[in-house]
Each structure stands twice: as structure tokens, then as C-alpha cells.
Amino acid sequence: MAERLIKDYSSPGRKGYSLPPLDVPDLELEEYVGNKYSRDELNFPEVSEVDVVRHYTALSELNYGVDSGIYPLGSCTMKYNPKRNEDIARLNKLSQIHPYQKEEDVQGSLEILYKLKDDLAEISGMDEMTLQPASGAHGEFTGLLIIKKYFEDKGIEKSKVIVPDSAHGTNPASAVMAGFDVVEIDSNEHGMIDIEKLKEAVDDDVAALMLTNPNTLGIFEKDISEIADIIHEAGGLLYYDGANLNAVMGYARPGDMDFDVLHLNLHKTFSTPHGGGGPGSGTVGVKEFLKPYLPRPVLSKKEDCYTWDYDSPKSIGKLHAFYGNYGVLIRAYSYIKTLGSEGLKKTTENAVLNANYMKNKLKEEFVLPFEENNLHEFVLSGVKQKEKGASTLNIAKRLLDYGQYAPTIYFPLVVKEAMMIEPTETENLDTLNKFIETLKTISKEIEENPEVVKNAPHNTSVRKLDEVKAAREPDLRW
Amino acid sequence: MNIPNDLYYTENHEWISIDGKEAVVGISEHAQEELGDIVFVELPSVEEELDQFEEFGVIESVKAVSDVFMPVSGVIVEVNEDLMDEPEKINEDPFGSGWLIKVEIKDKGELDELMDSTEYQAFLEEE
Amino acid sequence: MDYVSNTNKERNLMLKEIGVEAVEEIFSSIPEKVRLDRELDVSGGMSELELKNHINELAEKNYSLDEYTSFLGAGAYDHYIPSIIDHLISRQEYYTAYTPYQAELSQGTLQAIYEYQSMIAELTGMDIANASLLDGGSAAAEAVLMAARVSRKNKVLLSSGLHPAYREVTKTYGSPKDLDFVEIGLEDSTTDLDELESQLDDEVAAIVVQYPNFYGSIEDLERIQEMKDKYKKALLIVVANPITLGTLTPPSEFGADIVAGEGQSLGNTVNYGGPYLGYLACKGDRKFMRQIPGRIAGATEDAEGNRGYVLTLQTREQHIRRAKATSNICTNEALNSTISTIYMATMGKQGLKEVADQSFKKAHYLADKINELDNFEVVNFDNFFHEFWLKSKKPINKLIAHLKQNKILGGINLSRFGEEKGLLLSVTEKRTKAEIDELVELMGEM
Numbered sequence: 003m004a005e006r007l008i009k010d011y012s013s014p015g016r017k018g019y020s021l022p023p024l025d026v027p028d029l030e031l032e033e034y035v036g037n038k039y040s041r042d043e044l045n046f047p048e049v050s051e052v053d054v055v056r057h058y059t060a061l062s063e064l065n066y067g068v069d070s071g072i073y074p075l076g077s078c079t080m081k082y083n084p085k086r087n088e089d090i091a092r093l094n095k096l097s098q099i100h101p102y103q104k105e106e107d108v109q110g111s112l113e114i115l116y117k118l119k120d121d122l123a124e125i126s127g128m129d130e131m132t133l134q135p136a137s138g139a140h141g142e143f144t145g146l147l148i149i150k151k152y153f154e155d156k157g158i159e160k161s162k163v164i165v166p167d168s169a170h171g172t173n174p175a176s177a178v179m180a181g182f183d184v185v186e187i188d189s190n191e192h193g194m195i196d197i198e199k200l201k202e203a204v205d206d207d208v209a210a211l212m213l214t215n216p217n218t219l220g221i222f223e224k225d226i227s228e229i230a231d232i233i234h235e236a237g238g239l240l241y242y243d244g245a246n247l248n249a250v251m252g253y254a255r256p257g258d259m260d261f262d263v264l265h266l267n268l269h270k271t272f273s274t275p276h277g278g279g280g281p282g283s284g285t286v287g288v289k290e291f292l293k294p295y296l297p298r299p300v301l302s303k304k305e306d307c308y309t310w311d312y313d314s315p316k317s318i319g320k321l322h323a324f325y326g327n328y329g330v331l332i333r334a335y336s337y338i339k340t341l342g343s344e345g346l347k348k349t350t351e352n353a354v355l356n357a358n359y360m361k362n363k364l365k366e367e368f369v370l371p372f373e374e375n376n377l378h379e380f381v382l383s384g385v386k387q388k389e390k391g392a393s394t395l396n397i398a399k400r401l402l403d404y405g406q407y408a409p410t411i412y413f414p415l416v417v418k419e420a421m422m423i424e425p426t427e428t429e430n431l432d433t434l435n436k437f438i439e440t441l442k443t444i445s446k447e448i449e450e451n452p453e454v455v456k457n458a459p460h461n462t463s464v465r466k467l468d469e470v471k472a473a474r475e476p477d478l479r480w
Numbered sequence: 161m162n163i164p165n166d167l168y169y170t171e172n173h174e175w176i177s178i179d180g181k182e183a184v185v186g187i188s189e190h191a192q193e194e195l196g197d198i199v200f201v202e203l204p205s206v207e208e209e210l211d212q213f214e215e216f217g218v219i220e221s222v223k224a225v226s227d228v229f230m231p232v233s234g235v236i237v238e239v240n241e242d243l244m245d246e247p248e249k250i251n252e253d254p255f256g257s258g259w260l261i262k263v264e265i266k267d268k269g270e271l272d273e274l275m276d277s278t279e280y281q282a283f284l285e286e287e
Numbered sequence: 079m080d081y082v083s084n085t086n087k088e089r090n091l092m093l094k095e096i097g098v099e100a101v102e103e104i105f106s107s108i109p110e111k112v113r114l115d116r117e118l119d120v121s122g123g124m125s126e127l128e129l130k131n132h133i134n135e136l137a138e139k140n141y142s143l144d145e146y147t148s149f150l151g152a153g154a155y156d157h158y159i160p161s162i163i164d165h166l167i168s169r170q171e172y173y174t175a176y177t178p179y180q181a182e183l184s185q186g187t188l189q190a191i192y193e194y195q196s197m198i199a200e201l202t203g204m205d206i207a208n209a210s211l212l213d214g215g216s217a218a219a220e221a222v223l224m225a226a227r228v229s230r231k232n233k234v235l236l237s238s239g240l241h242p243a244y245r246e247v248t249k250t251y252g253s254p255k256d257l258d259f260v261e262i263g264l265e266d267s268t269t270d271l272d273e274l275e276s277q278l279d280d281e282v283a284a285i286v287v288q289y290p291n292f293y294g295s296i297e298d299l300e301r302i303q304e305m306k307d308k309y310k311k312a313l314l315i316v317v318a319n320p321i322t323l324g325t326l327t328p329p330s331e332f333g334a335d336i337v338a339g340e341g342q343s344l345g346n347t348v349n350y351g352g353p354y355l356g357y358l359a360c361k362g363d364r365k366f367m368r369q370i371p372g373r374i375a376g377a378t379e380d381a382e383g384n385r386g387y388v389l390t391l392q393t394r395e396q397h398i399r400r401a402k403a404t405s406n407i408c409t410n411e412a413l414n415s416t417i418s419t420i421y422m423a424t425m426g427k428q429g430l431k432e433v434a435d436q437s438f439k440k441a442h443y444l445a446d447k448i449n450e451l452d453n454f455e456v457v458n459f460d461n462f463f464h465e466f467w468l469k470s471k472k473p474i475n476k477l478i479a480h481l482k483q484n485k486i487l488g489g490i491n492l493s494r495f496g497e498e499k500g501l502l503l504s505v506t507e508k509r510t511k512a513e514i515d516e517l518v519e520l521m522g523e524m
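Protein chains in written order, with the working numbering: chain P, 3 to 480; chain Z, 161 to 287; chain L, 79 to 524.
Be a bit skeptical, because a hint or two may be false.
Keeping only pairs whose Cα atoms sit at most 25 Å apart, straight-line, the calculated BS3-like set for lysine-lysine is [stated by the list, open to error]:
1) P/LYS117 to L/LYS130
2) P/LYS289 to P/LYS316
3) L/LYS94 to P/LYS151
4) L/LYS365 to P/LYS9
5) P/LYS117 to P/LYS162
6) P/LYS388 to P/LYS456
7) P/LYS471 to Z/LYS223
8) P/LYS289 to P/LYS224
9) P/LYS363 to L/LYS87
10) P/LYS446 to P/LYS418
11) P/LYS119 to L/LYS94
12) Z/LYS223 to L/LYS431
13) P/LYS151 to L/LYS249
14) P/LYS347 to P/LYS224
15) P/LYS386 to Z/LYS223
16) Z/LYS223 to L/LYS87
17) L/LYS402 to P/LYS348
18) L/LYS130 to P/LYS119
19) Z/LYS223 to P/LYS390
20) P/LYS304 to L/LYS508
21) L/LYS139 to P/LYS303
22) L/LYS130 to P/LYS348
23) P/LYS442 to P/LYS418
24) L/LYS249 to P/LYS156
25) P/LYS471 to L/LYS402
26) P/LYS442 to L/LYS94
27) P/LYS162 to L/LYS249
28) L/LYS130 to P/LYS289
29) P/LYS388 to P/LYS365
30) L/LYS508 to P/LYS17
Simulated from the structure, these hints should not be mistaken for lab results.
Please build the complete structure, drawing on both the sequences and the hints.
Pasting the structure below:
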């Protein structure tokens with residue numbers, strides 16, 4: 003059921019807005035800016051308010067959100083987004099403030115940010131946080147620039163960053179943006195860092211190792227202390243990609259694992275909504291010795307007053323025009339204050355429990371490439387199903403037919419026909435069972451009638467979309 | 161699988177056919193199949209001089225990217241401009257109209273480092 | 079309070095299924111040495127009511143724009159936001175959805191992006207636009223990195239009329255890339271064109287100017303284009319406030335190669351600086367299309383020949399290209415771009431023009447009135463759009479304090495940027511003649 007474009011609702015002269023009449027003297031723009039700077043035409047839709055409401059309501063009905071049902075995307079942590087946090091972020095007293103108001107005007111907001119920063123530092127075991135990065139990748143870039151600046155400041159030249167082959171694509175991309183060469187190392191047969199290969203790759207040119215722990219297979223790197231020693235002894239630093247912090251909150255802290263820098267995805271672990279792809283927040287934490295390099299400005303407390311401190315000569319500079327995704331930060335604060343330490347720990351336990359329960363129920367039907375204990379997520383392989391005629395992509399699309407969202411597929415790259423499943427703690431047993439049953443049903447369908455799976459989806463608003471045509475003949479606007 | 165026996169092959173699945181000092185380079189049927197529907201090709205400029213196994217271009221499908229490497233050292237004399245609008249030719253006819261570049265070879269001795277069709281066949285089976 | 083819905087009974091059932099006695103056993107894969115041997119020290123556990131009381135108590139300490147009349151701008155503008163926007167984006171299908179990788183269940187988000195790209199392209203006059211970047215500062219920075227890739231040059235001429243924070247972000251992004259940044263000073267309130275000309279050479283990757291610039295002035299893009307055209311490789315990047323393009327000639331008419339900037343003014347609340355959205359639009363030829371950073375939605379067909387949308391040209395992006403991606407960006411500002419899409423649709427052809435027009439006229443009314451006062455002078459009186467630069471014989475901080483006592487946020491003290499002296503005032507369509515008159519009266523009392 004295609005919904006037409008908003009421009010196709012257009013009728014000349016139709017209006018969807020109202021403004022008060024101009025109450026100051028009229029002027030001609032041309033007289034001030036000249037003809038050449040005065041626009042002739044703006045070809046925008048002419049639609050009524052009702053047109054807009056109907057159109058964007060119709061579009062929303064073609065989407066699936068966390069409130070629609072399970073969203074088991076591995077590594078993405080699609081947990082429930084509490085409604086109270088939305089209300090709080092919209093309070094006029096919190097949202098109707100301008101970034102260039104004086105600090106004395108916005109003490110309430112600064113206090114929230116300061117407390118959030120402290121809580122995040124305690125949860126992750128770091129000494130100081132910056133709230134400026136607006137996404138996980140932005141956080142990685144920030145963290146790596148801090149590392150780069152630190153070595154420059156010490157007069158040490160280092161050009162390499164090591165990332166495991168199971169890492170998120172943003173890790174190598176951020177390392178290159180920060181001016182490093184990327185060295186990728188293979189995982190071992192247990193899906194973990196191969197200590198011998200790591201030793202081979204490490205030399206005094208290595209600035210950092212980027213690590214997700216538990217890794218993208220959901221497996222905790224049991225040799226983390228040895229890994230940290232290897233890197234630190236070679237003079238490098240350890241970077242923690244916080245995408246999976248929700249697996250260890252209350253049980254272990256990256257800071258205690260000797261990580262020097264990390265980023266936390268507040269839109270994953272701390273429940274802020276994904277918004278169809280953003281906004282997020284990628285707050286960065288560092289150990290004491292890296293504090294001077296944090297982005298400007300640094301939020302500080304002087305007596306009972308919160309201020310932005312711009313006086314940091316060794317800072318890497320700014321990465322965001324203002325202070326980061328403030329509205330997202332407010333939501334994360336609300337979440338943490340709702341849960342407290344007890345709730346955070348219980349959240350971790352249930353995320354891990356849900357994932358392990360699902361793994362147990364599914365490991366017979368699908369191939370489990372790594373037997374190791376997993377925490378909050380696990381990876382299955384669809385190779386058995388692929389041999390019978392339907393790929394992991396087909397299975398994902400078939401899930402949509404059953405009104406459930408698909409797992410992350412074809413990632414991590416180290417697993418063939420990968421399905422990476424992360425149920426999160428907010429799903430209950432009934433929902434998990436329903437998803438498990440659906441995956442088993444699809445697997446049976448592949449044995450009995452693979453065509454129905456191969457041609458999926460059948461019940462969605464559009465059928466399988468032609469991505470080749472989209473790339474060969476780009477149609478990117480009306 | 162079609163593996164013409166008058167060509168040389170690389171481990172990265174490029175093929176090269178020799179005609180005197182000039183050679184034509186493309187990717188094998190196996191390579192195009194692995195990539196899937198090709199949607200974009202980036203090729204070097206004519207007159208560019210490249211070493212053996214140096215990267216000369218990029219071939220992309222919707223969700224995969226593959227760098228392509230020079231089977232031998234040489235100077236680019238022609239690139240297949242048709243691929244800019246019709247990259248699907250690589251899928252349809254990898255050994256014919258889907259060719260990528262023409263090269264003036266510097267050192268025929270470098271061909272010794274490549275595989276012939278029998279060796280390539282064995283290489284594919286092993287992979 | 080937490081958001082776990084499994085009961086103890088269900089948890090026990092699940093533990094039995096897994097074959098462990100207690101949930102702690104699952105965590106045994108975490109070595110003892112790095113395990114936390116105490117509880118976290120994080121306060122909380124609040125009920126919804128307690129939480130709201132706690133937050134309200136803090137929020138009360140803020141001076142917000144619903145009580146204070148704001149003349150603040152400099153990259154964050156207090157425009158009127160129609161009610162329907164928050165109602166629509168509060169639909170869970172928009173705000174709780176993930177990035178639309180499973181296109182068949184994400185047609186709403188994808189089509190909204192396509193519409194956003196279409197309207198941003200139309201507004202800037204450019205061929206194509208991406209789905210959004212993180213904010214205006216990072217959009218300017220990404221535009222510079224993109225220009226360096228397209229031109230394969232490394233000298234970047236940054237106008238001092240570009241927002242100081244954007245300049246700093248751009249330099250931070252450029253610092254690892256061996257880019258040679260040259261700042262071009264101001265003459266009066268616009269880019270010093272003689273200095274710009276003297277710095278142009280064959281090594282220039284990009285000229286970056288803001289339109290209207292940080293001080294509200296309109297740069298002479300026509301002359302800048304003439305200068306740039308002498309150098310084949312150099313690109314022109316125009317950082318523009320999109321709302322002003324409701325009435326200003328689009329940068330494309332002056333040969334802009336990339337137009338980028340902050341989209342906040344299109345329907346987003348000021349929100350203490352974020353979340354906002356960076357936008358980036360550019361020419362549509364292949365070399366630009368290959369180098370544009372960030373997600374892009376495209377129209378295509380489904381298996382039955384019906385129109386549908388997907389994310390496309392993804393080989394540019396980090397999840398496929400990894401180390402060789404055009405940018406590391408993954409999460410963007412999708413919900414904010416949806417806000418801007420709905421705003422642009424609602425205001426439409428006439429509304430956007432009217433917002434820009436009223437902002438322009440009200441700002442000029444204010445400037446006229448201020449210029450009649452003895453102690454103040456509008457620096458760019460002859461050339462500004464809806465924001466202007468004021469010099470004052472009276473101490474600026476005293477003026478700002480006096481206005482605040484009267485519930486007016488009367489401009490931004492330029493000293494915070496450490497470059498020029500004075501006050502930056504911005505006026506939107508939201509300000510009434512009465513509010514403007516009151517501001518002028520209070521200034522007259524100084």
C-alpha cells in the first residue's frame with residue numbers, strides 16, 4: 003500500500019499554517035539585499051494541516067517500533083523507551099532553554115548533566131566524562147582523538163590502531179578519521195581475541211586496541227587482563243566500545259578492566275529512543291591522566307555553581323557546536339534515576355537471562371558457531387537452512403511476515419549466515435517464546451516449502467525491494 | 161563454471177589475456193558471482209602507471225566492495241567506459257564485454273607469478 | 079522501579095531451562111579479577127511521581143524561554159513550532175523505530191527521509207541531500223572533509239564570518255587529515271574579499287563561507303564565485319541557515335558545490351543545543367555522489383513493481399566499507415530530520431517564505447529603533463538578514479543583566495567567542511512589535 007508523496011497532496015494556494023499578521027512596517031527585501039539575493043521561487047508543497055497529519059500518520063503506519071513488538075537486533079539494544087522520559091525531556095523548563103544563555107540561567111539543567119556525568123563515570127569505572135559526542139561513532143572519534151593528542155603531547159609517535167575482525171564497522175572508520183592506520187586481527191576459534199596474534203600485532207607503534215566487551219558475539223573476553231597488560235606494556239592504550247555495556251552493568255566495569263578510554267551509547271544501554279536512526283549520544287569517559295585532552299567545554303562545579311570551563315589548553319577542541327545531544331542526556335538521566343544501582347543490576351541480569359534462554363531454545367534448530375558462554379546476545383548461523391535453499395536474509399524477511407522484527411544479520415562478519423539476537427531485558431517470557439516458535443516455524447517452512455521463505459516478505463506494505471535498481475539508477479529526491 | 165584456458169588468473173580472481181605487448185584485464189566468472197549484482201565500477205585514468213598487484217579500481221555490488229589489483233605491471237591504455245552506465249555487463253559477460261582495463265605490459269616475466277586455467281580451477285576448489 | 083517484566087517464577091523457569099541455579103552463574107565467564115565486588119553507588123529507584131518531582135525541582139532553577147522573551151540566535155533560533163509536529167513525531171512508529179535497514183517494515187521512516195532529502199535539495203537549490211548529520215558544526219566539518227576528497231587538495235579557506243564554534247569543530251575534524259586551514263578575516267561584517275583572493279591558489283580544496291554569516295550579514299557570493307571559478311579544483315561550501323532560504327537566493331545560484339549547516343530552525347526546539355540536525359546537500363554528479371557522507375534513501379520498486387524506498391549507495395558507509403568509508407557516521411539525527419520534514423511540509427511554499435520575511439522585517443524594525451538610541455550602533459546596519467551586530471557604549475554585561483531583570487534575554491555577548499566585541503541580536507517571526515518596543519525602551523534607559 004504505497005502512500006503518495008506529500009507534494010502530491012499539493013493544491014495551489016492551500017495552507018497548513020497560520021501566523022499573526024505582520025505588526026511592524028513592511029520592507030522590500032530587494033532594497034536591502036538587491037535583486038540577486040532575493041529568491042524567485044520555492045517549489046514546496048501547498049498542503050493543509052489535515053493533509054500533513056493524514057500523510058505522516060499514514061507513513062508512520064508503515065513502520066515498526068519497539069512499542070509494536072520485539073526488536074531483537076543484536077548489538078543495537080532495542081529496549082523499551084520509557085514514556086516518562088519523553089514527558090520529562092519535553093518540560094518547557096528543560097527544553098525551552100537556549101545554548102547561549104548564561105550558566106546562571108540554566109543551573110537546573112547543568113546540575114542534571116553534572117549528576118549524569120558522575121553516574122556514568124561510576125557505572126563505567128572511569129574518572130571523568132564528556133557528554134559532547136552525539137553518537138557512538140562520534141564518541142569513538144572523540145576517544146581516538148584524545149588518545150592521539152595524548153601521545154602527541156608526550157612527544158611519542160604512534161600510528162596504528164588494532165581492531166578485532168568482529169568489531170563494529172565504525173571502529174575502523176573512526177580510527178581512520180582520527181588519522182590512524184588500522185590493523186585488523188582475527189578472532190580465535192572461541193570467538194575471542196587471539197592472544198598470540200595480538201602479541202604479533204603489537205609493537206611500539208600501536209596507539210590503541212579497540213575492544214567491545216562482551217564482544218559482538220556476546221562473549222566476554224576472559225583474557226581481558228592479559229590483553230590489557232600486553233597493550234599497556236607496549237605503551238599503547240585500551241579503548242572500550244560501550245555498545246555492549248548493558249551486559250555487565252553492576253557486574254563489571256570497563257574502568258576496572260583497565261580500559262583507558264570508552265564511549266557509552268545512551269541510546270542502547272540507557273533506553274533513549276532510536277528515532278528511526280537517531281538522535282543518540284556517545285558520551286566518552288577517560289581515566290585521570292587523559293582529562294586534560296577532553297573536548298571543550300568541560301562541565302565543572304565551583305562551590306555550588308555549575309559552569310562550562312573553556313580553559314583547557316590541551317583539549318582536542320570541539321566536536322559539536324554546543325554541548326551534545328542534551329535532550330537525549332535528560333532522558334538517560336531519568337532512566338538512571340528510575341532504576342538506581344539495584345534496578346541497573348536487575349536490568350543486566352534479565353537481559354542476560356533472556357538471551358541465554360533464547361539461545362538454549364534455538365541452538366538445536368540452527369547452528370551455534372560458538373559454544374562459549376554468552377551474556378546479553380548470541381549469534382546463530384543459518385548455514386543449515388542455507389543448504390536447504392533459504393538464506394539468513396530470507397529468514398529475516400520471513401520474520402517480518404509474522405509481524406516480528408528481524409535480528410541483526412550478516413554481522414559479525416566472522417560468522418557465515420549470521421543472525422545476531424539480542425532480546426533485551428524488557429521482553430517477557432511470552433514474547434520470547436513467541437519469537438522462538440516463529441523462528442522454528444520458519445525453519446520448518448524451509449524444509450517443506452523453501453519458496454515461501456525465499457520470496458518473503460509477503461504480508462508487508464511492500465514486497466522485496468529492488469536494491470540493485472536503487473543503486474544503479476539513484477532516485478534520491480522528487 | 162566457465163574458466164577460459166587461454167587466460168592467466170590471480171588469487172584475487174582477476175584474469176588477464178595477452179596479445180603481444182597489450183593485455184586485457186577483467187574479473188572471473190567466480191568473482192562476479194560472489195559479488196552479486198554489480199552496481200558500480202571505479203577505474204583508473206588512462207596513462208596511469210601501476211605496479212603488479214597494485215590496486216587499480218573498485219567494483220561494488222549493493223552490499224559488498226571489492227578492490228581489483230593489477231595482474232602485471234603496466235600503463236593503462238584504455239578503460240571500459242561502457243561499465244560506467246552498464247556495470248551489469250560484468251555479471252553478464254565477465255570474460256567479454258565486461259572487461260575492465262587494457263594495459264601495456266612492462267615485463268612479461270611477471271606472468272610466471274599468475275595461475276593458468278588448470279591451476280585456477282584447483283585454486284577455486286580449494287577455496 | 080525498573081522495566082523488567084519477568085516474574086520470579088518465570089525467571090526460575092528460564093534458569094532451569096538454561097541449566098543453572100542462579101543468574102549469577104551465567105556471569106561466571108567474567109573473571110573474578112575484573113568483577114565488581116560491591117554494589118554500584120548510583121542513587122535512584124524512584125517511582126514515576128518521585129522522578130517527576132525530582133526533575134521539576136531541578137527544572138525550576140532554569141530561566142526558560144516560555145517566561146523570558148528571547149533575542150538569542152547564533153545558530154539556535156526560537157521560531158514558532160506548529161503543534162502538529164510534536165503530535166506526529168510522538169507516534170511510537172517514528173521515535174521508537176530503529177535505522178531502516180529492514181526496508182519492508184520501515185517504509186514510513188524511509189519515505190520521510192526521501193521527502194526530507196527532496197525538500198532540503200529544493201531549498202538549497204542543490205541536486206541531492208543526505209539523510210542528516212549530527213549537527214551544524216559537524217556538517218560543516220564533514221563538508222570540508224568531503225571537499226578535500228573530491229578535489230584531492232588540502233588548503234581550506236575558512237571565513238571568519240563562519241560561526242566560531244563551527245570553525246573549531248571543523249578544525250578538530252580536520253586535524254588528523256593534514257589539512258591546511260587559513261582563516262580569512264572580516265572587513266566590516268563580511269569576509270575580507272581581498273584577503274580571500276590573495277589566499278586562493280591551486281592548492282585550495284574549499285572556500286567555506288556562511289550565508290547569512292555569523293553576524294547576520296549577507297556575503298557577496300557572486301564575487302566569491304567569480305574568484306573561485308579561476309581555480310578548477312576549489313569547491314565552494316556555503317553554510318546556510320535553511321530558514322533564511324525561504325526568501326534568499328539559494329546558494330546553488332552562486333556556484334556552491336556543497337551546502338551544509340544546521341537544520342534546527344526548521345521546527346526543532348532550542349533544547350540547549352541538541353539534539354539538532356546537520357544537513358548536507360551537494361551537486362549530483364558521480365564524484366560528489368560517491369563522496370557524500372551519511373545515509374541516503376532512494377526510491378525503487380518492489381517485486382510486484384510497486385514504488386518503495388530503501389537506504390542506498392551504502393558502500394560509502396562504515397558498515398560495509400569499514401576503514402575506507404567516507405565517514406564513520408552511523409547514528410544520525412533521523413527524528414530531528416523527520417521534525418524538519420513535517421515542518422517544511424506544514425509551512426509549505428508560502429509559510430517558509432513568510433517566516434523568513436517576518437523575521438527579516440522584525441529584525442530590521444528593531445535595528446532601526448536601536449540606531450535611534452545614543453549609546454548603540456548597529457555595525458552591519460546596511461547588510462543583515464534577521465540577526466545583527468551591535469556595538470554599545472555601555473558595558474554589555476550590565477545591559478544584558480538589566481534586560482534579564484525585565485524578563486528579556488537581550489542578545490549574546492560576543493566576548494564569549496573571543497574575537498569581536500559587541501552584542502549579537504536575533505529576531506524571529508515569534509517576536510511581537512510590543513516585545514521589540516519594550517526591548518528598545520529598556521535599552522534607552524541605559
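We went through each hint and held it up to the structure:
no. : hint                 : result
1   : P/LYS117 to L/LYS130 : holds (16 Å)
2   : P/LYS289 to P/LYS316 : holds (15 Å)
3   : L/LYS94 to P/LYS151  : violated (51 Å)
4   : L/LYS365 to P/LYS9   : violated (29 Å)
5   : P/LYS117 to P/LYS162 : violated (35 Å)
6   : P/LYS388 to P/LYS456 : holds (10 Å)
7   : P/LYS471 to Z/LYS223 : holds (13 Å)
8   : P/LYS289 to P/LYS224 : holds (22 Å)
9   : P/LYS363 to L/LYS87  : holds (18 Å)
10  : P/LYS446 to P/LYS418 : holds (20 Å)
11  : P/LYS119 to L/LYS94  : violated (39 Å)
12  : Z/LYS223 to L/LYS431 : violated (41 Å)
13  : P/LYS151 to L/LYS249 : holds (14 Å)
14  : P/LYS347 to P/LYS224 : holds (20 Å)
15  : P/LYS386 to Z/LYS223 : holds (23 Å)
16  : Z/LYS223 to L/LYS87  : violated (45 Å)
17  : L/LYS402 to P/LYS348 : violated (40 Å)
18  : L/LYS130 to P/LYS119 : holds (20 Å)
19  : Z/LYS223 to P/LYS390 : holds (23 Å)
20  : P/LYS304 to L/LYS508 : violated (36 Å)
21  : L/LYS139 to P/LYS303 : holds (16 Å)
22  : L/LYS130 to P/LYS348 : holds (22 Å)
23  : P/LYS442 to P/LYS418 : holds (19 Å)
24  : L/LYS249 to P/LYS156 : holds (21 Å)
25  : P/LYS471 to L/LYS402 : holds (24 Å)
26  : P/LYS442 to L/LYS94  : holds (21 Å)
27  : P/LYS162 to L/LYS249 : holds (22 Å)
28  : L/LYS130 to P/LYS289 : violated (33 Å)
29  : P/LYS388 to P/LYS365 : holds (16 Å)
30  : L/LYS508 to P/LYS17  : holds (19 Å)
In summary, the structure is inconsistent with hints 3, 4, 5, 11, 12, 16, 17, 20, 28 from the numbered list given earlier, while agreeing with the others.
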